[in-house]
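Student: In my numbering, the protein residues as written are -14 to 309.
In short, the hints are calculated from the structure, not lab data.
Here the structure is a predicted model, which means the values were calculated and not measured.
We put the CB at the ideal spot given by N, CA and C, even for glycine.
It is possible that part of the hints are untrue.
Claimed, not checked - If you anchor each label on the Cβ, the simulated ranges turn out as follows:
1. 263 to 59: 56 to 66 Å
2. 67 to 303: 48 to 58 Å
3. 196 to 66: 41 to 51 Å
4. 195 to 260: 29 to 39 Å
5. 261 to 11: 50 to 60 Å
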Amino acid sequence: MSEIKGKDGEPSEGDGDYESLPAHASLTIHMTAGAVAGILEHTVMYPVDSVKTRMQSLQPDPKAQYSSVYEALRRIVRTEGLLRPLRGLNITMLGAGPAHALYFACYEHVKRTLSEVIQNGGNSHIANGLAGCVATVLHDAVMNPAEVVKQRMQMYNSPYRNLLDCVGTIQRTEGLAAFYRSYSTQLAMNIPFQAVHFMTYELMQERLNPHRQYHPGSHVLSGAAAGAVSAAITTPLDVCKTLLNTQENVALSSIHISGHLTGMANAFRTVYRLGGMAAFFKGIQARVIYQMPSTAIAWSVYEFFKYVLTKQQMEREAGPAGPV
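Model the full assembly from the supplied sequences, consistent with the hints where possible.
Tutor: See below:
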């Protein structure tokens, strides 16, 4: 377990407390740590995310019906090629960097500000949850267009040749509004997701890391638990978001819906008409399997970079050590 020591070689009261470090950190530190964490979070588990998108299809092609994540990955690689599960990764990386930079920087700033008001600077679950909600609004504004393109390229028999073809076709045939068609649903999903996510993470940290020092194991376990709980709870909203993003023509035509599906309420009704209550939990296994390691990676990488970058900044501010 790492900590910053005072001049006498002992942990100082302010510097030794890991959670006090962000007070000295610049906005650049939070944004850099967040960008790196976001890119790694989305790339490491991306093949599972591709499977999740296909498993949430409401009327999948018979060749794209899978019983498990492992079977899906095996069949996709065997029948469509080794790189097929990575289709759409490029747009995800382009969106994830700036989206997560804003996300974590906003979260830290709002959490600290609200904690001062609510808990006199102490840890507040209300502040954590509200900070997560505010950060999500900024994150999704950047990430939503990337999500639309990504999910269309992940689908079975996707008609798009490449990233530029997908973006150009959507813009030409559906207009720029198509890139934000699912934004309200994305927020309706991600605000409770992030509220539960951050509150679970901070609650786990209170139990596993009460002194709030840099402790990689506790960050991994807390992140995994937060990802699993929040992913399972919000799966029905994720299914609706996927339908709005992909606009499954076969599924919509089967219930005589022409044109483009818009709005969260319409998405809910359509999902229920196509598959009943069970349809709202399609892909839950893949979603939880994806979110647990992804969230663990995001938090552990973010906390690591935040710790290292802040420590370097504090050492620079302290200046060179004098003679002993």
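Student: Can you list which hints this structure breaks, lowest number first?
Tutor: The structure breaks hints 1, 4; every other hint is satisfied.
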